Amino acid sequence: MIKKLGKKLPTIVMIGPTFFWLILFVLIPLCYVIGISFLTKNAYGGVDGILSLQSYKDLFQSEYLKIFTGSLWLSLQTTILCLIIGYPFAYLIAKAPANRKKYMVLMIMLPFWINSIIRIYGWNTLLRTEGVINHLLIALGIISKPLEMLYTDGAVLLGMVYDLLPFTILPLYTSIEKIDTSLLEAARDLGATKRSTFMKIILPLTMPGIFAGSIQTFIPSLGLFYISEMMGGGKTMYIGNLIKNQFLSARNWPLGAALSIILIIITLILMKLYTRVGSLEDMA
Amino acid sequence: MAKMQDKVMIRLRDVDKCYGTNKVVKSLNLDIREGEFLTLLGPSGCGKTTTLRMIAGFEEVTEGQIFLEGENVEDKKPNQRDVNTVFQNYALFPHMNVEDNIAFGLVEKKVKKPEIKRRVGEMLKMVQLEGMEKRLPAQMSGGQKQRVAIARALINRPKVLLLDEPLGALDLKLRKQMQFELKHLQKKLGITFIYVTHDQEEALTMSDRIAVMNQGILEQIGAPEEIYNRPATKFVADFIGETNIFEAYVEEVMDGRIGISLEAGTAAVKAAGFHKEEMVYICVRPENLKISAEPVIDFNIRGKVKEHVFIGSVNKTIVELVNGQELKITTQPDVELLSMGSEVNLFWNEGKGILLHTKEEQIYNLIENTVKIEGGGDD
Chain A
1 MIKKLGKKLP TIVMIGPTFF WLILFVLIPL CYVIGISFLT KNAYGGVDGI
51 LSLQSYKDLF QSEYLKIFTG SLWLSLQTTI LCLIIGYPFA YLIAKAPANR
101 KKYMVLMIML PFWINSIIRI YGWNTLLRTE GVINHLLIAL GIISKPLEML
151 YTDGAVLLGM VYDLLPFTIL PLYTSIEKID TSLLEAARDL GATKRSTFMK
201 IILPLTMPGI FAGSIQTFIP SLGLFYISEM MGGGKTMYIG NLIKNQFLSA
251 RNWPLGAALS IILIIITLIL MKLYTRVGSL EDMA
Chain B
1 MAKMQDKVMI RLRDVDKCYG TNKVVKSLNL DIREGEFLTL LGPSGCGKTT
51 TLRMIAGFEE VTEGQIFLEG ENVEDKKPNQ RDVNTVFQNY ALFPHMNVED
101 NIAFGLVEKK VKKPEIKRRV GEMLKMVQLE GMEKRLPAQM SGGQKQRVAI
151 ARALINRPKV LLLDEPLGAL DLKLRKQMQF ELKHLQKKLG ITFIYVTHDQ
201 EEALTMSDRI AVMNQGILEQ IGAPEEIYNR PATKFVADFI GETNIFEAYV
251 EEVMDGRIGI SLEAGTAAVK AAGFHKEEMV YICVRPENLK ISAEPVIDFN
301 IRGKVKEHVF IGSVNKTIVE LVNGQELKIT TQPDVELLSM GSEVNLFWNE
351 GKGILLHTKE EQIYNLIENT VKIEGGGDD
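Going down the list, the sequences are from chains A and B.
According to this note's numbering, the residues represented by the first sequence are 1 to 284, in order.
According to this note's numbering, the residues represented by the second sequence are 1 to 379, in order.
Read the hints as simulated data drawn from the structure, not as lab findings.
Remember, it's a predicted structure, so these values are computed and weren't measured experimentally.
Backbone N, C-alpha and C define an ideal beta-carbon position, used for all residues, glycine too.
Quick list of the computed label-pair ranges, beta carbon to beta carbon: (1) A:95 - B:110: 22 to 30 Å; (2) A:99 - B:340: 52 to 60 Å; (3) A:193 - B:113: 18 to 26 Å; (4) B:110 - A:59: 53 to 61 Å; (5) A:275 - B:44: 40 to 48 Å; (6) A:95 - B:242: 39 to 47 Å; (7) B:139 - A:174: 23 to 31 Å; (8) B:65 - A:193: 19 to 27 Å.
Using the sequences and the hints given, assemble the complete structure.
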């Protein structure tokens, strides 16, 4: 018995702390949230211990459904824009000489070292009516009246794309870099133009990267609430804001919890898809 | 050899290739004839693959010109050149099945579908892969992938097929079989093949002509027999097959014969074009180097039998000279072997020792060992 324990001891020491961390800060809170979602709201915040499915029924109210579809639509736009902007970036990095490559990757990673809220606040000072861009444009005489750029849906989209672009670029970069150069040479050798080589060889072969980049952009974009508040002024409600409001201002914890559960389920489905594609790619 | 008319298919004129300050191909001049199987042979880093890639259009020529059927191809992109390449790692498109891989070139040329289907069928038949149309490259063996790569290139009916060490990844037996098949295919189609390899045996087996390259320089070009039997440089002699190389000093020159002294003895051999006090290399193939317990006329090179090695079809004997140089000698199994440790005289038959000028001529100090040539040195 002791001998057996001795054998397992290194494993326990190695994964033990992580294990406890996950139980304490992931599993228990998750169960707590699931639990709350099936209880009844208390008029003063918090919950009463009466079991109920009310919060899940509430989800199907048209205003919430609208917020859901609105959020999905915003995330989809963000993802597509990130792909369109990110692909050429990723391609350039992947094809750059090795010594330049690491600096380029570093440039992509650099913003991660500054808190995202602070960076978004930076956009705020740029875009607002009294902001840098408006001042500049007026000073140059291009416009006479400040543009309404901040607190629009466009500003929210801009903030989202800005914040999530690195998550799109990195997986794209990895998959573009993996393509064997001789495949591109073979295509050219067989008479393909550059355009045709891209469409028939590069694009299909980087599909796993496109997919991974999309998922890695789409999932976090669903939950981001501060961007729509800081850039959109909270005018349009998204899932993230909705959840936050249920807990902090509307004092409807069960509904907030139920919304969170739905968000987690969507995420899990996407993650499942993601790993599925990943394993398919390994087979090929 | 395939066609005797000497139409030049590819002509390289003073071609240089530099990467930065590193010159990897140095003023290369090469004419490749129509229907010829030409092999670029050399050790890795000799510039052979770079040369092939310049012909294909993947690398730009730094200096000089390349002509395809008399036309300068400098401004032509790889997709505009009438040549196709079989890549070292096959470079099959992993997301396409065999059929789509082979059809790729024709689809790009917008050939009509029924025509593509017919020609893909032809190709599959030619490389014996019928019934494998729907397979993905990942589901095929190395040899099968190789065939797909060849079919994918040949379906375009190129004027020249470029092959970059195409058999390098295959095991020995399959490689031998593919060598035979490739050669056969080339003869049948009459297409010019330019084949890059570092495997001298492969080059000797398959080629009409071999161009031996070393450090960016074309050392010799000629038919396999010529390259093997009459190497033009020490490098070629050393690189192609096994060779014993002696350094020697020309003592005397007299009508058609020269007397030479080696570190380990002297010899008198038939030779022309050498002058007195010149340094030379003598290259003798292991199968041409002979040993005898008895003294031999014209030769006074002595050594000791060090080892016998059985290598299958022939016996290999290692003889150590007095200066420590080891020589390889192969004999047929029916030849009786001299006992180990016995003192022997070395010699070769007339014409079997190749004499080469050394690049820098220097006076060689070996005069003490000199023996009179006329006497043959048999004392």
